[in-house]
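Asker: Each chain is listed here by its residues.
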Amino acid sequence: MNFKDKKLKLFLNYIEELTEQYEELLNQKRELLVELQKKALYDPLTGLFNRHALIEFLTREIERIKREKGEKLFIIFLDLDNFKQVNDLYGHKKGDEVLKEVAELLKSHFRKYDIVARFGGDEFMVVVRNSSRKNVEEILQKLQKRIEEIFNRFRISVSYGIAVAPNDGIDPDRLINLADKRMYMMKERHKAKKVDN
Amino acid sequence: MDTVIVSSKNPIFRFAVKELKEKAPKGFDFALFAVSPNYPYQDVPATIKKEFGSINYVGFSSFHAFENIKLIDNGIVGCFFKFSSHKTKVCTLVKKRITENNKQRCKEELISFLSDRKNNLNFIIADFIDGLFPLLIEELGEELQQNGTNTPLLGGISATQIIGDRREKSYLFHNGDIVENGFVVISISNVDYAFQFSSGVFKKGPIYTVTKCDDFKIYELNDKPAGYLPKKLLKDINHSEDNRFLLWYTPFGIVGKKNEIEALRLIKSFNDDYIELWSPIKEGDRLKLSIVLSTELLKDAEKTAKKVKEQFGIADFCLNFSCVARAKILEQFEEKEIELYGRLLNAPLFGFFTHGEVATKNRKLRLHNLTSVIVTVRERYEL
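Taken in sequence, the protein lines are chains E and C.
The numbers in the numbering used here rise by one with no breaks, and the one at position 186 of the first sequence is 186.
Count along the second sequence starting at 1, add 1000, and that's the number in the numbering used here.
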């Protein structure tokens, strides 16, 4: 091999190393991006979408139903009753276990393409597409019953409120507030029932 | 300042010096001699004294030196200065027999010498001293930066032959004395000067972090044994001594915070466990593996010469010191670089090849490899 050929070979080897190093760097960047996306969109405890992701999805879905007239969105706000007592009496570790289990129940009761999110603390939200009020109510009643069965010893139940877009409006904040308000009304009813008993 | 540069290639040193004497101007104030290491170094001071008498000079081993735009190998090149002003003076700091034990003291003396001569052109020529001089310069750079002292120091390690990964010893000569294992700093007062760097390496390349090293040896890059990299670069090329020179085409650049190259490093040798460099390295240094082509070296040299000319204007004299690796990479264009320096700077040019260039870049004094440093000098005239 003459000097020119050797030099050419060296440069080709250099390019090979350069390509490998850049590919490694690109892979590292991709992994980092996936991790960051995960951190930005998901709740680390339950693995559900977080509040930020839910609002983002809800905003996009509202834009979609504005274009595809006739379709409805069901915005469900859920809050656990008596959850505070679990933390107070059994500790936060137990509380976290309950939240994770509730998250699993939510995921199993709704469809894969429905958006299930942890809104914060013991509050959850679900955005349901392509369904009817009747179906949604049925699912929620089943879920409520199942939660009461599983967490009977903690006396945990769930209250929920539903807002419907576009019937109740098309502003995401307004819809969330309305669902929250309706959830609160159910919670009050649960409290009153408990006192009566 | 009048500067005259002359040479002789007579193989008999006595005759070479005699020839130089005949060509040299009368009544000069100071001289620099680049002496081929093929001449008997023991005879250098006595021969110079015999021909020139007691003159003020500094000499050094150099297997190639530049007489204006001519490349002189196996000869002697003399650069003679005659100053116009009585204010222009040359003073020197000579340190010899530097060892690990007295290195710190030498460095302190050098710092003190420089801080007293902040406005002078300070030029250093040194031997490699088995790696002690490169370490001394890098440490000096750190200390000067910490102290906020920004006295420029320019120069290089005088170049002898490299056989395999071994470098032949070089000698310095000062006013009748042989300086072994040492350095000489020449400080000239009452001059204005400018200097610029030229490298010409590609600015892109993969970046590695030195995770384990020891002065000149890198053991780990990105937490992986470093030996794999030169082996990969020389894949399908046998690893003979000659072929190791090929790795000079793929130098490492030490990169700063903005990924800009602060100093270049060349591979001296390698095995499965480490890569040995010609200049020091530190743990945590980020290295960009670059690539270099002769055409790019020349382009950058031209750009740099134009920049220094624009910055400085008319010079009395130009000094250029370039890495020996550059000469090797330039191949048939070796003389082209000094030719364009001479043409663009339009002044007498004295220069030589080095095994490491000392210069301040980005306000930090460092030892560099593969660079060419151009210095233009002008005496301050009295009105």
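Hints in this document: simulated from the structure, not taken from any laboratory.
Note that beta-carbon positions come from the ideal geometry of N, C-alpha and C, so glycine has one too.
A portion of the hints provided could be inaccurate.
27 angstroms max Cα-Cα, derived DSS-like pairs, lysine-lysine [stated by the list, open to error]: (1) Lys7/E <-> Lys1204/C; (2) Lys1087/C <-> Lys9/E; (3) Lys4/E <-> Lys1328/C.
Covered by chain C, per the in silico footprint, the following chain E stretches (three or more residues, Cβ under 8 angstroms) [claimed, not checked]: (4) 15–28; (5) 145–151.
Asker: Taking the numbered hints from earlier one at a time, note which ones the structure violates and give those numbers from smallest to largest.
Answerer: 2, 5
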